[in-house]
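Visitor: Turn these sequences into a full structure, and let the hints guide you.
In the UniProt record's numbering, the protein residues as written are 1 to 220.
FYI, nobody ran anything at the bench for these hints, they're computed from the structure. Nothing here was measured: the structure is a model prediction, and the numbers come from that model. The reader is advised that the hints may include incorrect statements.
Unchecked claim - Taking lysine-lysine pairs in the BS3-like style, the calculated list, with each CA pair at most 30 Å apart, reads:
1. Lys145 / Lys115
2. Lys129 / Lys102
3. Lys168 / Lys145
Stated by the list, open to error - FRET-style restraints, in silico, Cβ to Cβ:
4. Pro164 / Asp123: 11 to 21 Å
5. Asn127 / Asp162: 26 to 36 Å
6. Gly179 / Asn147: 36 to 46 Å
7. Pro97 / Gly149: 34 to 44 Å
8. Asp170 / Gly149: 31 to 41 Å
9. Ala131 / Thr151: 32 to 42 Å
10. Glu193 / Pro97: 31 to 41 Å
11. Gln195 / Pro97: 26 to 36 Å
Note that CB positions come from ideal geometry on N, CA and C, so glycine has one too.
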Amino acid sequence: MAKKKVTGEDGKTYVMKEKKPFYKKVWFWILVVIVVVAIGGSLGGGDKDKADSSSKDSSSAKTEATSSAAKESTVESGAAAESDSKATYKDRTLTAPDGVLKITGFERGTDYEGKPMFYVFFDLTNNTKEAQNVQIQYMSFAQAKQNTGATTENLEMAILMDNPYREKADLLQKDINPGATVSGVYYYNFADESQPVTFEFTDTMFSFDGPIATEDIQIP
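Guide: Below is the structure:
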């Protein structure tokens, strides 16, 4: 503290200590607090900026990864669709990735009730890597229907009392090995024996893309 000399009324000189005003101390500590807060805020803000930057980088990386995965999925879906469209039909022969079905002939007959029906003779090749049931694979490749004028009806398999082609018909219940070919027969009841039969050829039993080909055939 500063010292101050004062002359009293008695003519003597006295030395007095001078105190600093109280408000000066208060302002000093206020300034100290402000400086500390400012420094702390600056440091904290830097950490927050780094955290925000890190979060943005992480979010960007996730977005890019998701976008990349979506593109790969689209490419794979396109490839699958292209593979499904490779089946062809020509000269009553369906050629599909899973096999080949060739219609070789027709013949009329009667079922166990004497109603008109017809036989479809075919050669079937299994192009898959596993044995396939002959009837299921045939039905996957070919479906028959008739337009009777008022309605269009899916033809049902005929029930026969005496099948002259029993050996070929028995193949329907057997499995065809990969790469093998069998000669079989399928048989349908007519909805209207005077009308042609519409055959729809598909590459799978439950095709969502519609038939590969359609042919109207008058059964001889």
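Visitor: Work down the list of hints and note, for each, if the structure agrees.
Guide: Hints and how they fare:
For the suggested pair Lys145 and Lys115, the alpha carbons sit about 17 Å apart, so the restraint of at most 30 Å is met. Restraint check: the Cα-Cα separation between Lys129 and Lys102 comes to about 20 Å, which is no more than 30 Å; the hinted pair holds. Note on Lys168 and Lys145: the hinted pairing holds, with a Cα-Cα distance of about 23 Å set against a maximum of 30 Å. In this structure the supplied range 11 to 21 Å holds for Pro164 paired with Asp123, their Cβ-Cβ distance being about 19 Å.
Between Asn127 and Asp162 the beta carbon distance is about 34 Å. The supplied range of 26 to 36 Å therefore holds. Restraint check, Gly179 to Asn147: a C-beta distance of roughly 38 Å satisfies the suggested window 36 to 46 Å. At about 37 Å, the CB distance of Pro97 to Gly149 agrees with the hint of 34 to 44 Å. At roughly 36 Å, the beta-carbon separation of Asp170 and Gly149 lies within the given 31 to 41 Å, and the hint holds.
With their beta carbons about 38 Å apart, Ala131 and Thr151 fall inside the hinted range of 32 to 42 Å. For the hinted restraint 31 to 41 Å between Glu193 and Pro97, the CB-CB distance of approximately 35 Å keeps it satisfied. With their beta carbons about 33 Å apart, Gln195 and Pro97 fall inside the hinted range of 26 to 36 Å.
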